[in-house]
Structures are given as structure tokens and as C-alpha cells.
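**Q** All chains, please: the whole structure from these sequences, using the hints.
Each residue of the sequence shown is one higher than the last, beginning at 345 in our numbering.
Since the hints were made in silico from the structure, they are not lab data.
Source: prediction; values computed, not measured.
Check the hints yourself; a few may be wrong.
BS3-like cross-link-like pairs, simulated, lysine-lysine; straight-line CA separation at most 30 Å [stated by the list, open to error]:
id : residue 1 : residue 2
1  : K412      : K422
2  : K365      : K394
3  : K372      : K383
4  : K376      : K394
5  : K383      : K400
6  : K387      : K376
7  : K348      : K365
8  : K387      : K372
9  : K400      : K412
10 : K372      : K356
11 : K376      : K365
12 : K394      : K412
13 : K387      : K400
14 : K394      : K383
Just the calculated beta-carbon pair ranges, DEER-fashion [claimed, not checked]:
id : residue 1 : residue 2 : range
15 : T373      : L410      : 50 to 60 Å
16 : W429      : L391      : 52 to 62 Å
17 : A409      : I433      : 48 to 58 Å
Note that the Cβ used here is the ideal one computed from N, Cα and C, for glycine as well.
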Amino acid sequence: MNKKFVTHDELKISQLETQNKLIQLDNKTDTKFSELSSKIDSKFNILDNKIDNFEKNIPIIIENALYKEREYQQNQQKENRRFFWGTIIIGGISAVAAIISIIVSFH
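**A** See the structure below:
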């Protein structure tokens, strides 16, 4: 028998086999797409949850930042008061010392 030619039965069998393989391949492709779609959906759900949690945490983050800034401002005010009163006291002592030295030098 020459291999260049096939019978009608062999051709039908070959066509059926090819069709079955295509159906199997199509089913596998559908399954893979379905799995991929569910994976993508789950990843988006995870991302949505993270975004929702981040949105819930934003006010807390802002509140903490404002609290730290308020503490920093209060500490700066304390330092400014200390500097001011220190300057006043040292200036007053210097003025008193100058007055005393003037009084002592005239007597």
C-alpha cells in the first residue's frame, strides 16, 4: 500500500481524531482561561482589600502626624520661652552688675 494515498475511512478517522484533539485543546484552553480569570479576580480582590484597609488607616496616619507635629511645636515653644527668660535674666544681671560697678566707682 502506498503511503501517499489514504482511504476514505482512514481520512474520516484522521479527521475525527483531529477534531477530538481540537475539542480537547479547546477544553484545556477554556479551563486555563477560567483558572487565569479566577486568579486575576482573586488578585484584584486582594488589591481592593488592601486599598480599603489603607483608606481606613489614612485618618489614623494623618492624626499621628498631626500629633507629632503638635508635640514638636510645643517643645519649640518651651525652648523659645527658656531662651527668652534666660536672655532677660542674664540681661538683668548684667544691668545690675553695671549699676553696681558705677556706684562703686563713684565712691
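**Q** Among all the numbered hints in the text so far, which are the ones the structure does not match?
**A** 2, 17
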